[in-house]
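Put chain W on the given structure of chain H with help from the hints.
Given next are the chains, with one letter for each unit.
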Amino acid sequence: MATVSLRNIHKTFGKTEVIHGIDCDIEDGEFVVLLGPSGCGKSTVLRMIAGLETVSRGEIRIGDQVVNKLEPAERDIAMVFQNYALYPHMNVAKNMAYGLKIRGMPQQEIDKRVNRAAEILELTPYLSRKPRQLSGGQRQRVAMGRCIVRQPKVFLFDEPLSNLDAKLRAQMRLELRNLHEKLGITSIYVTHDQVEAMTLGNRLMVINDGRAEQIGSPLAVYEQPKSLFVAGFIGSPAMNFLKAKLTNDNQTAQLPDGACIDLPGRARSDAKSDEIVLGIRPEHFQPTDASDANICLDVDHVETLGADTLVHGRLSHQSDPLTIRLTDVHHFDRHHRLRVTVAPERLHVFDPETGSRMAIRQPDRHA
Amino acid sequence: MVENRPWLTAMTHACLILGVIVLAFPIYVTFVASTHSLETITSYFPLLPGDQLIENYTRALTVGSRDVGATVGAMMFNSFIMAIGITCGKIAISLLAAYAIVYFRFRFRMFFFWTIFITLMLPVEVRILPTYKVVADLHMLNSYSGLIFPLIASATATFLFRQFFMTVPDELCEAARIDGAGPLRFFFDILLPMSRTSIAALFVILFIYGWNQYLWPLLITTDESHYTLLIGIKRMLDVGEGQAEWQIIMASTMLAMIPPVLVVVFMQKQFVRGMTETEK
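Here the protein sequences come in this chain order: H and W.
Okay, so the first sequence: first residue is 1 according to the numbering used here, each after it adds one.
Okay, so the second sequence: first residue is 1001 according to the numbering used here, each after it adds one.
Next comes chain W alone, as it looks inside the complex:
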């Protein structure tokens, strides 16, 4: 709708600015808190950034909170490994599963498709006890594989790629067959490059999903060297009677926000394209 009414434009902007303030204020508070000393935050809460920024962040990254043995840098690394592992694993498995379901005629094809589809209804939280038992029996507690593998299968991504593959014209597959491309060549030379934008969109979504995993790492990491950042922050808060180190916690929170933001910022173009257009 294009209308030329000044007061309407002003109103629209006012509403948007108000929305931005409401959404951004908690983040601002977090940032402010991460730039003061603990005494300042706990006595009266300042509304302007303080002078402890570099000190707090350096301590968080290199030393860590006194309540948790691992540094924020190490925990960020753990989170990163987990998020990347889950993302890449999910994309690889979903691509292959969708490829099999769309392009190959095998016995019980639809049965498998529906089995995958039904697992959409079973999130981690529902199957958490049996999964924990399996992971524990395989001695994968406190390990990267234990963090990644239980979350690596994705019905949503499989379904998304299936839908995408079904829009690829059959003639393309036939042309490739006539050109002499076998199933693997067709997959790597043609289907994979064509799915590039969908993969990018999924990468963004899945990376944030992996980075923000909370319940599962909370259960299976008891050793501080395998804490992910979110678990670390949670542990920093568990101080019982003592005083939590709020300035470090807030600094860690700010740091925890950076990677997802970076992923979104750098892949935004691909992400939007993957969501809106299909390249054909």
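Just chain H, with the same shape it has in the complex:
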């Protein structure tokens, strides 16, 4: 077990730089999820920590040791791959024991550790099977077993659940969570699946185009996204973005159709223009009967999911589509006018120029 720290790490392939300086301190026993769209460089970061890619610039430390120049085997890490990468000609026990055997551990100790890992992962009946005789979930567990027996400082996971079907994925997600709680080993987990990211991680690092857009707890990332990218990437269905203008001394947002929405406070006033982007999550709309409701939706179509209903529509006179998520089952006709409100504290305000979140000062109650 150890801390991992990334100091301004860069990666260039040939002339193209793909990682543009990432800083992060991962604490002992923490579970950090690297999340981002495909091609954003999250796997590259993981592979640099593993030692499978060289670091072009910057410094990676595991514990107190700078590991930039160390071979993967010398870094005391273990990694689970997306396609499991089990040795096809070895049985489960041998797959797990291989790394220990190379390190010259006595056979007795190897057996003890393999049996213990098999017990934890419920693989004991399969120890003498070959990987091709196992199901996807079992193979995944063997890959994890191979990591556990090593008792490494850091676990690295490269999209380990992507090859499993939806039901098994949910189950393995829980198992991973339990395993981490049981063993308490520092873990770094790469995924593009936000459900995995939200449920597994103590902290998330949202990566976009080789930059860490935001690092924080899953809820903080969900509630206070630092940028338009993070706001749009986290949450499903994605957050709605509305173009608006600041009015009323920066305390109100005016939509193009004239509707006004009160902000929870005064938006940062040093912006050059009064243009803003208003972000509202689909689940934060409340249907209302009040005639003074400030948002009117022209319903296009409705998706009933059972537990929720997704309503797709447009604001009058505006072409940007909008999605609203209502709990329970609702039926609306096309072109039904749906009145909704949003609690002011649920609003997110972004600067359209920089894409970053605008600070909102709470109103001075004494004034």
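One thing to keep in mind: the hints can contain errors.
Subject to a maximum C-alpha distance of 30 Å in a straight line, what follows is the list of computed BS3-like cross-link-like pairs (lysine-lysine) [to be verified]: (1) H:K94 to H:K15; (2) H:K94 to W:K1269; (3) H:K182 to H:K101; (4) H:K130 to W:K1269.
Selected chain W positions facing chain H (in silico; Cβ < 7 Å) [said to hold, decoys possible]: (5) A1010; (6) M1011; (7) R1177; (8) L1192.
Simulated from the structure, these hints should not be mistaken for laboratory data.
All C-beta atoms in this analysis are idealised placements derived from N, C-alpha and C, irrespective of residue type, glycine included.
For chain W alone, kept in the frame of chain H given last:
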């Protein structure tokens, strides 16, 4: 295609049986000839096996033809050494060459790959004069090393293993690196066992290739103690005006067919698997 038409089934079988007869008849004739005395074969040709089977084969194996000084047993041994030497050598060299080309980044990697690939176009027959000169200058005429070494490099096998290695997922190599396996351990512990079926398939092909080598041994073996069986049979025929000992020649021919057949029979399962499936 599964069709239930009796006359079609009958026709299919008739065609197949006819094919088998056409292919097997020469071998049958060889066998028949090897079981008669020379007088019988040369006077009228019998169509049924005779009574000289044990006599002819024992003479071939232990004494040999009167026209060649070596026994068929000794020549079979020579052929066997040569075939095994070529097979094992080719497999070992090709595996290592393919391993280097696929898994290591070194200067001129592609240049070497293409050089190997181009040698596919240069069979023994094309480079036979310079090769002979080199082997002669190294005093390797009439020796096992002279028989084996010039034929030991194989672009085909290298290419085959390269293709196989390229289908092995990179993650496997990375997992081994994380487990602490160096390049040699990865090769012996993981890559080699995974290539088992390909190696078996190549073994069959290369053994038959080595066993059936004709031109090269014909050139460099002048001493009867190093004749391979095929050369021996050829020499048995070179009797000028005299009468060739056909019954011994035919017996030797039958014996020459046995090892390749045995290799095919015993490695058939592995061979088919190596040709059709890749274990991953």
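inquiry  = Please list, smallest to largest, the hint numbers that this structure does not respect.
reply    = Hints 1, 5, 6, 8 not satisfied by this model.
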